[in-house]
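**Student:** According to the working numbering, the sequence shown holds residues 58 to 267 in order.
No lab work stands behind these hints: they were computed from the structure.
Please note: incorrect hints may appear among the correct ones.
To be verified - In silico DSS-like cross-links for lysine-lysine, where the CA-CA straight-line distance does not exceed 30 Å:
#, residue 1, residue 2
1, K216, K160
2, K207, K160
3, K259, K216
Said to hold, decoys possible - Restraint ranges, calculated between C-beta atoms of paired labels, are given here:
#, residue 1, residue 2, range
4, R249, N149, 19 to 27 Å
5, D197, P263, 37 to 45 Å
6, G200, P99, 27 to 35 Å
7, T109, C260, 35 to 43 Å
8, I238, D126, 56 to 64 Å
9, R123, P99, 17 to 25 Å
10, D199, I238, 53 to 61 Å
11, S214, L159, 37 to 45 Å
12, R123, R256, 53 to 61 Å
13, P135, H198, 18 to 26 Å
14, C242, K216, 28 to 36 Å
15, D118, E152, 17 to 25 Å
16, R249, T139, 21 to 29 Å
C-beta: ideal position from N, C-alpha, C; glycine also.
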Amino acid sequence: MPRKRASKLRHTPRGLATLGGHLRRTGGAISMEREERGMSRPPAMPAGLLETIREELGSEDAPFLRHLDEHLDLEWLPAGETRLGMTRFECNHNELYRRRRLKAPPGPVTIALNPVLSDDEALFAHTLAHELLHAAGLLDHDGLHAEIVKRVSPAPSLKESPVLRRLRQEVLSGLPEGQWICGSCGYAWERRRVTRPARCPKCARPFKAE
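Construct the complete structure from the given sequences, taking the supplied hints into account.
**Tutor:** Spelled out as structure tokens, the structure:
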């Protein structure tokens, strides 16, 4: 019989779209500097995170939640990965939904996180919270999933996250131009944001590139 493929849920937090589509879209332009990190120990569960998620979820929404203490493992993603995190079930997609419907144990569940998160406590907690909801049985990215993550561990701002600041700078440095030039008055200024400016800071006219 052919071997059944494991079911994987891949994730880069949805609230970080201002970074030009996250790690997955920026691809090779972003250096994760993971080869020298030597992440020999698995990620640690932040104190109280799983308990907080339990308080937010019901058994109907998350039938696997009560099994996580026994079946869940945390690990780091390998070097070269561009995802912030992923959840892996050993059973295939159809079997996973069958077990969810029957409220049966999910079997072994692994959450793998990008080693770059080890330097960013807030983004680590946000990403792990997202993956824990998948592991608990919220398999789809719907409104309930997003709302619970927002309550439990909201996405950090650029100011709060060194990883997001570094990614933002790498996105900017990969752009073909290092400055904006107003097509109306010719004023040039340093490109500090990924998104296109609405108006020229000098003439205040709607921005159009020269």
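**Student:** It remains to establish, for every hint, whether it holds in the given structure.
**Tutor:** Cross-check of the supplied hints:
1. K216 with K160: Violated, because 41 Å separates the two Cα atoms, which is more than 30 Å.
2. K207 with K160: holds, 26 Å
3. K259 with K216: holds, 27 Å
4. R249 with N149: 19 to 27 Å: Roughly 47 Å apart at Cβ, these two residues miss the hinted range, so it is violated.
5. D197 with P263: 37 to 45 Å: Given range 37 to 45 Å: holds, Cβ gap about 40 Å.
6. G200 with P99: 27 to 35 Å: holds, 32 Å
7. T109 with C260: 35 to 43 Å: violated, 50 Å
8. I238 with D126: 56 to 64 Å: holds, 58 Å
9. R123 with P99: 17 to 25 Å: Holds: the Cβ-Cβ distance is about 22 Å, inside 17 to 25 Å.
10. D199 with I238: 53 to 61 Å: 43 Å Cβ-Cβ, so the 53 to 61 Å window is violated.
11. S214 with L159: 37 to 45 Å: holds, 41 Å
12. R123 with R256: 53 to 61 Å: Holds: the Cβ-Cβ distance is about 54 Å, inside 53 to 61 Å.
13. P135 with H198: 18 to 26 Å: holds, 24 Å
14. C242 with K216: 28 to 36 Å: holds, 32 Å
15. D118 with E152: 17 to 25 Å: holds, 20 Å
16. R249 with T139: 21 to 29 Å: holds, 24 Å
Of the numbered hints given earlier, the model fails hints 1, 4, 7 and 10; all others are met.
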